[in-house]
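With the hints as constraints, model all of the structure from the sequences given.
Number of protein chains: 2
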Amino acid sequence: MDQKAKSRVVIVGAGFGGLLAARTLAGSPVQITLVDRQNFHTFQPLLYQVATAGLSPGEIAAPIRWIMRKYHNVEVLMSEVQDFDLSRRVVKADSGEIGYDYLIVAAGASHAYFGHDEWEPFAPGLKTIEDALEIRRRVLLAFELAERQAASSKHDKKIEQVQLNFVVVGGGPTGVELAGTLAEISRQVLANEFRTIDPTRTRVVLLEGGPRLLPAYPEDLSRSAEEQLRFLGVEVHTSALVTQVAPGAVQIGETRLPAAVTLWAAGVAASPLGKKLGAPLDRAGRVLVNPDLSIPGHPEVFVIGDLAALKDENGKWLPGVAPVAMQEGKAAARNIASELQGEPRKNFHYWNKGNLATIGRAAAVADFGKIHISGFLAWLSWLFIHIFFLIGFRNRLTVLIQWAWSYLTYERGARLITGDKHLPGWEQVQAEETEFATSGFLKK
Amino acid sequence: MDQKAKSRVVIVGAGFGGLLAARTLAGSPVQITLVDRQNFHTFQPLLYQVATAGLSPGEIAAPIRWIMRKYHNVEVLMSEVQDFDLSRRVVKADSGEIGYDYLIVAAGASHAYFGHDEWEPFAPGLKTIEDALEIRRRVLLAFELAERQAASSKHDKKIEQVQLNFVVVGGGPTGVELAGTLAEISRQVLANEFRTIDPTRTRVVLLEGGPRLLPAYPEDLSRSAEEQLRFLGVEVHTSALVTQVAPGAVQIGETRLPAAVTLWAAGVAASPLGKKLGAPLDRAGRVLVNPDLSIPGHPEVFVIGDLAALKDENGKWLPGVAPVAMQEGKAAARNIASELQGEPRKNFHYWNKGNLATIGRAAAVADFGKIHISGFLAWLSWLFIHIFFLIGFRNRLTVLIQWAWSYLTYERGARLITGDKHLPGWEQVQAEETEFATSGFLKK
Chain A
221 MDQKAKSRVV IVGAGFGGLL AARTLAGSPV QITLVDRQNF HTFQPLLYQV
271 ATAGLSPGEI AAPIRWIMRK YHNVEVLMSE VQDFDLSRRV VKADSGEIGY
321 DYLIVAAGAS HAYFGHDEWE PFAPGLKTIE DALEIRRRVL LAFELAERQA
371 ASSKHDKKIE QVQLNFVVVG GGPTGVELAG TLAEISRQVL ANEFRTIDPT
421 RTRVVLLEGG PRLLPAYPED LSRSAEEQLR FLGVEVHTSA LVTQVAPGAV
471 QIGETRLPAA VTLWAAGVAA SPLGKKLGAP LDRAGRVLVN PDLSIPGHPE
521 VFVIGDLAAL KDENGKWLPG VAPVAMQEGK AAARNIASEL QGEPRKNFHY
571 WNKGNLATIG RAAAVADFGK IHISGFLAWL SWLFIHIFFL IGFRNRLTVL
621 IQWAWSYLTY ERGARLITGD KHLPGWEQVQ AEETEFATSG FLKK
Chain B
221 MDQKAKSRVV IVGAGFGGLL AARTLAGSPV QITLVDRQNF HTFQPLLYQV
271 ATAGLSPGEI AAPIRWIMRK YHNVEVLMSE VQDFDLSRRV VKADSGEIGY
321 DYLIVAAGAS HAYFGHDEWE PFAPGLKTIE DALEIRRRVL LAFELAERQA
371 ASSKHDKKIE QVQLNFVVVG GGPTGVELAG TLAEISRQVL ANEFRTIDPT
421 RTRVVLLEGG PRLLPAYPED LSRSAEEQLR FLGVEVHTSA LVTQVAPGAV
471 QIGETRLPAA VTLWAAGVAA SPLGKKLGAP LDRAGRVLVN PDLSIPGHPE
521 VFVIGDLAAL KDENGKWLPG VAPVAMQEGK AAARNIASEL QGEPRKNFHY
571 WNKGNLATIG RAAAVADFGK IHISGFLAWL SWLFIHIFFL IGFRNRLTVL
621 IQWAWSYLTY ERGARLITGD KHLPGWEQVQ AEETEFATSG FLKK
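Just so you know, the sequences run in chain order A and B. Take any residue in the first sequence, note its place counting from 1, add 220, and you have its number in the working numbering. Take any residue in the second sequence, note its place counting from 1, add 220, and you have its number in the working numbering.
Hints in this document: simulated from the structure, not taken from any laboratory. Treat the hints loosely; a few may be bogus.
Here are the simulated lysine-lysine pairs, BS3-like style, with alpha carbons at most 25 Å apart [to be verified]:
1) B:347 <-> B:641
2) B:550 <-> B:536
3) A:566 <-> A:347
4) A:347 <-> B:641
5) B:573 <-> B:550
6) B:312 <-> A:641
7) A:312 <-> A:495
8) B:590 <-> B:641
9) A:496 <-> B:641
10) A:531 <-> A:566
11) B:347 <-> B:495
12) B:496 <-> A:641
13) A:641 <-> B:641
14) B:566 <-> B:536
15) A:641 <-> B:347
16) B:550 <-> B:495
17) B:573 <-> B:347
18) B:536 <-> A:312
19) A:495 <-> A:290
Only some residues are given here: those of chain A computed to face chain B with a beta carbon under 10 Å [said to hold, decoys possible]:
20) 360
21) 371
22) 372
23) 593
24) 638
Quick caveat, the model's predicted, so the values are computed rather than measured. Using N, Cα and C, we set each Cβ at its ideal position, and we do this for glycine too.
If you want it as structure tokens, here you go:
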């Protein structure tokens, strides 16, 4: 094969969409460059397990090079893409320019603060391994600092209660799984390990701005999720719109909720790379793509995954979930392969196999169209589907053992506080009036 | 039992010595406070596996609280000890003062630069999980940056060679295992994952200032270790004293050795807490303890592990290894328990069961007194003894599976570059003259 004659395909982002695109094209006579700013792919559905100390980062991430090692026409480049020049057909990365014949942009999304980026230091979100480690650090540190405080002479019961307040903002899948798991950790995992504080008195508050949790799910599953969360010990508040996040507290209108740790699971914004393509965007910054996943005026440029905005047959926007990204990655790659063989492109059709959201140990909801499942069975489906889809990960077996082990023993082994020992908002929460914690309207 | 009447024992440091002391005393009528600045115990013998991406941090660390959960008279405190007031019998920690009747100081050691602390940014050592993650980051980043450099238009073969120079300073057990594992990674693990650079051309140089590697081992095992290292592809240089560490290079007298990554495994210094006890110290800052492990003039204060200096029956200083620390922890705890029962203390005697140093996959040396073993058998002994001693760790099974898996497949799964993407010394190594790399006396 003549290397020179081959079309060059550049794929930006090695998430689910990018990986599937690269794999699908690997058999075609093209030269592929897969660019990502990280050297590893993150299995995002299990990120909350890292944030809650159930799994180690290495168990849900795999080196991109390793995943692609057998595809010899795929070159992996760790580099951050900054811009595109569509007229010259080059990607501008911090390592230099990369020319392409076809471009697939799969740069994903990150969490967003609705224009309040100043809230981020006090309410980290969960999109990357680094985010997960930061959340893990804060959660574990709060318990340690509370114990330390309680063991010292300055012991103040009221303050201790506030210190054990955890607030999760946002009642989508991420907020639900974080809140459920935090409640479990405090009530079961840590229950017998502290001598002064009582971790079971931890208050986990889940705040959702809309009228119900999991708005993308059918109403009966939203109700079920709320019940399962309450059973785990989570305080759920819907129609509770957060108006301010400050060090050590969250404001919901007039109500101030003190919190040692606040987690952000409320908003998602598409990668800023979307803007650089010059194509029309939706309100969340997603690129409005053609039915074949290319962008208007540039049939050689495809956008897929969380960065793409496309409606399904029923006129409903496709959600930002892994199955959509994977199917789009495959479809874009096939359209390129078809075109190179002189065949026509196909429009993308999403095949929805169902939606699953996990809540905690043996707690989940599953929406398989007409069939709705809750509780243990839904959780089992969730578990097996997700472990099965750790495809290309060496450690599916060890992850399964790890999970079986922590399921049977209530242990969470990855409970390491790495990084610095300062908890943002800790000083403020110690000085906080605790009136609210005992009398506020959110108190059950 | 009357809580008030109980003696208070404070143990500083939850390494091997501190943990064993706490466990041994847990059955006695005492109130124990175990203080550590981390919330987890690190299984130090496997730290090099984290540094070389074979294991995740969570697989070689366990929360101290969890290890102690069943010992209800043990209180665990995450706090940093800053000083002692032996006359008032209090430990001064950043969380406040802690009173004691008996004190066991097991604060360990860290790496030292022989008065050249300015070398640390360019040659990190390996004593903590954070150190291990920093080394992992640098090693993996060097390969990524080299590939990126090579793939770009500025491709320069000479520079590429320098970029793939790894220098390990210090031929003790840590230096030997780091150098051996780095060579393995480059020659076997990464061999087929890069499209532009050739990882098998990586140069791993091990520099030892003294006349032979593993000076604490018998001479035949030193020779064997050197042979096994060479077989793995490591360049070994003894009597090569490093006189300067700079960004991107190491100086050995007149000889300059360019290096993308330099690792420091040359010196150990006892914890600065040793000084605060007011007892006599040896040159390495270790506390010269009485035969019963207490310090002169303070029978209620014990020092154990890497921080203690004590000779064995033959007048030889006991080495800073885990078995010594564990046996000392047990002995100090028993002396306290005996005294509380009105029985006399016993002098410490070290029972040396043998010394093992690992070199790489199926490569190690073992010194069991009259019996010296090398190679695969020594490695098997090392493997089983270390996995067996992951006692109190939930994940012995998963670690074993992980190891078996990476042994069979040559995979190293924890290859994540987390943290920033800058490699100290990278700019310098790119500008470096590469003359040395092709003609220096160290070149084989």
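Numbered hints the structure breaks, given as an ascending list: 3, 8, 18, 19, 23
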